[in-house]
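Enquirer: So the chains spell out like this:
Protein chains: 2
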Amino acid sequence: MATSESEAWTAAERSVRERVPPLLTDLYQFTMAYAYWRAGRHNEPAVFELFFRNNPFAGGFSLFAGLNDCLLFLKSYHLSDQDVEYLRSVLPSDTDPAFFSYLRGLDCSSVSIRSVPEGTVVFAMVPVLEVSGPLAVVQLLETTLLCLVNYASLVCSNAARFRLAAGPRRRLVEMGLRRAQGPDGGLTASRYTHIGGFDMTSNVLAGRLFGIPVAGTMAHSYVTSFSSLEEVWPQTLVPLGGRDPVDLISLVKGWLGNVCQLLGAESGRVREGELAAFLSYAVAYPNNFLPVIDSYNVSCSGLLCFCAVALALCELGYQPVGVRLDSGDLCRQSVEVRHVFQKCSNHFSVPGFQSLIIVGSNSMSEQSLAELSKKDNEIDVVGVGTHLVTCTRQPSLGCVYKLVEVRGRPRMKLSEDPDKSTLPGRKAVYRLLDSDGHPFLDLISLADEPAPEAGVSLQCHSLEQAQIELSVTPAQVTTLRMEVFSCGQLTLPLSGVPQSRAYAQMSLQSLPACHKRLQGPEAYTVALSKRLHSLISDITRGNSKGSNFMLPN
Amino acid sequence: MATSESEAWTAAERSVRERVPPLLTDLYQFTMAYAYWRAGRHNEPAVFELFFRNNPFAGGFSLFAGLNDCLLFLKSYHLSDQDVEYLRSVLPSDTDPAFFSYLRGLDCSSVSIRSVPEGTVVFAMVPVLEVSGPLAVVQLLETTLLCLVNYASLVCSNAARFRLAAGPRRRLVEMGLRRAQGPDGGLTASRYTHIGGFDMTSNVLAGRLFGIPVAGTMAHSYVTSFSSLEEVWPQTLVPLGGRDPVDLISLVKGWLGNVCQLLGAESGRVREGELAAFLSYAVAYPNNFLPVIDSYNVSCSGLLCFCAVALALCELGYQPVGVRLDSGDLCRQSVEVRHVFQKCSNHFSVPGFQSLIIVGSNSMSEQSLAELSKKDNEIDVVGVGTHLVTCTRQPSLGCVYKLVEVRGRPRMKLSEDPDKSTLPGRKAVYRLLDSDGHPFLDLISLADEPAPEAGVSLQCHSLEQAQIELSVTPAQVTTLRMEVFSCGQLTLPLSGVPQSRAYAQMSLQSLPACHKRLQGPEAYTVALSKRLHSLISDITRGNSKGSNFMLPN
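Protein sequences appear in the order of chains W and B.
Numbering follows the working numbering, in which position 403 of the first sequence is assigned residue number 403; successive positions increment by one, without gaps.
Position in the second sequence counted from 1, then plus 553, gives you the working numbering.
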């Protein structure tokens, strides 16, 4: 892809996402910022990490997404006079007025971000994003960053699962706009499902902004808007490469008779309105004829109308595209439709009928896609809406944003619920690969530890069962995160949607199949370095010995 | 509320929603528009209806919402040169170039909307929105209108159920931004959950744009950012109405000793960092002290720290607000916390401890709210996030947009699946009330039928079981829909969020309790007029007799 195209997308994207206003956050971020400011702590260097505690959909992996949106948000972060005036009206009246001047001058020029690249396969508990900078500023970013990463990663991961369920061959079209959480939810869904593995979207704006191929032909309302052949206009079509218009209606009527005879169908049950709709559409788009054929009855009307019009188009030199099925048992119907296509192709010697495609769309879920891969069917393209964009099986990803270091000192949340504890300290994250280039372990270590080396054995602790010490020898070591934002500037170009998609598919490709199983995947190993493990033990022991506690008076 | 305020909100809203671009739709809307245009049918007068087929969450009702967004979208509808150029690049290359000039000139100046008011209680199958105008234009609006109504109505209805589950007394705070489908999903959720019955939101932008009260104090990261009392600064506080700063740390240490003694608690288990965090926050906001007390251990640390700081504040003349519990068994903990508040109030003669509030927030669902109403607990305010905004139980509402009339002739989709059939013709919808002013039946009739009259008996057919003829005498009749958009202009002022909220609550209030039961509600009766029922029979019989069909040749 040319750089100029990539830049064009990025510019379009920017115009959408730079609008994310800094007030799109929880009020408590501002009350906490004030308390830090009041205590003179607002500029203390602090480090937060963003991660999620469980892979979504009871799966073995997730895809990380939403980074570009985060970076654009940070880059333009500032509060306007109106924002600050509004905050003055909702924060307690005893808030020191000087705090509002401080807010007015805020930006992210002292914030740095280290991140996993957009589209990377990631695992629960691995910190995907590290945000460092002045305590009050990085605290203020929490809710918005979570909002931008949570749904993007969730829907991207969902799309990857749908792709795994569908297999690599079948083409997938996202068409969930009408069921998403409003316009932006729909746009986000289109973008990240493409990165996760969908081929096309029905969302025109997503096509324009992100360069995603768009698809779509007709809906039932088009079919039901016709009732008679008199509504077809023009009633003629010029053959491809020809000059003289042919009476298409007579031609189609003739073909309909032939088709009914071939199939032993009753022409009396064919809907005139449906035939009129198909004819009218074929006149408009003779080279893009792909009607929805289940408005009334597939076998008795829709399929017969399609064949008649498509055979006429073939006779005039055009190539019809195919049909869409949108209700009922898609597998069974697709087999019947393909059978009829074959019969017509053979009987009428029309080779164009060999390459017709069948599109299926009827509240497809991950499960129904997986069933499709097992049952006999002839569906080439699947349209997916509701279950994809709303992530019905798990409609939210529990990303969290936790403080891990202040003034160079590690911080840890020691919850009574061990699942809610955090990993202290500023870290480095490495992905260890085996000799086939497949990742087999993610190592979380402290930032100042030496990196693991290829071919050198290392000891570490399983995160799941900390008492288990592991000894591993990577054939290759990659650093999972890189600096993407520093001193208020992007340090790498934003990756366009096609690049992120390619990266995600490559990342998924290299992950061993056992972790990609949709049901009962093998857990991927995430491990802690010995030093990080010791730090956690020290802090936790400190807790039980009470050394970190006080006695009053 | 003053008109000027209402206008201010509307202006702010407008700045957000007028951005919904006309390309935010499915591609097939444009391909169908082209086919209509090509056939010269694009200006045929057409009527579409928007409705949903099932009340969400297996409930007995829904709230209708999203109207303002639809109207603002329609009002500013036009395609820019860039939009049209993009369409030219994705529509088939044989599209007539004159179509793009037609698109460039499109607007909604010939579109009219009749609608149920924002926030109205509505029922499955009742057409809430009627969109009439030139066929191609009203077809083009489909996806965007569905997108704007679907989630708004769903989350508004969900909020109403949460409110019913919580009972009228408890205050509800929406705090779902980080789990919504991106920024706009979050904003939409805040707005419509307030209309549905929530009292406050944590979303600052929603507060600014829609005038919703905002709430929020501190998160765990604030607490964990402190480790020692040395980090507290300033360490003094001026008593309310006084002049000389008091050493707050000594004062609080003294109170902590007293509290530990009173409760028989070990002061050695109190976290110094937690105490420091509370102290620091209290210095910043002595009149708004409401910390989260479960960062480590409620009984052994958080609650003791709170009491010590709050008692010191009371001694200095301030009124602390309360505490937030964010994990574990909220009911049990709230009872324990209230007990300690009482004990402190009595023992230390501090009346301020009588009015402390307890906020609970820990992935609250409709069910856990309902349980709260049954179990012993002392929770005054509930914060709800994930389950509210993602509508976990049913993350999408299946609104559809169906053609019911073209050129004055009724249209009906006759599906093999009777649940997917539509009701033909342009309609009027009446709500019949009993003598107590409670609605008991929604009547769908043809637009040109006379309206039902109060005190006059009428015959109609149950929509559920068409063979059942009903005879009813309403004490009062209201017209459910009104014209809200005509000739490209709003015909009524947009209602602000507070008005819509008041309207929704009134509408819910008047609905009999049996339909509002969260489990197993009684079905509300939706009925068809005798004439509409006959029309459906005629069209369906026409179908079986084949009169609407063709014989080829």
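Treat the hints with care, since some could be wrong.
Derived lysine to any residue pairs resembling SDA-like cross-links, with alpha carbons at most 20 Å apart [stated by the list, open to error]:
1. B:973 to B:1015
2. B:973 to W:297
3. B:966 to W:300
4. B:1069 to B:920
Bear in mind the hints are in silico, worked out from the structure with no lab data behind them.
Keep in mind it's a predicted model, so treat the numbers as computed, not measured.
Enquirer: Now, for every hint given, state plainly whether the structure supports it.
Expert: How the hints compare with the structure:
Of the supplied pair hints, the one linking residue 973 of chain B and residue 1015 of chain B holds, its CA atoms being roughly 17 Å apart against a limit of 20 Å. Between residue 973 of chain B and residue 297 of chain W the alpha-carbon distance is near 13 Å, which keeps this suggested pair within the 20 Å criterion. This hinted pair checks out: residue 966 of chain B and residue 300 of chain W have alpha carbons roughly 16 Å apart, not beyond 20 Å. Taking the CA atoms of residue 1069 of chain B and residue 920 of chain B, the gap is about 15 Å. The hint holds against a cut of 20 Å.
Going through the hint list in order, the structure satisfies each hint without exception.
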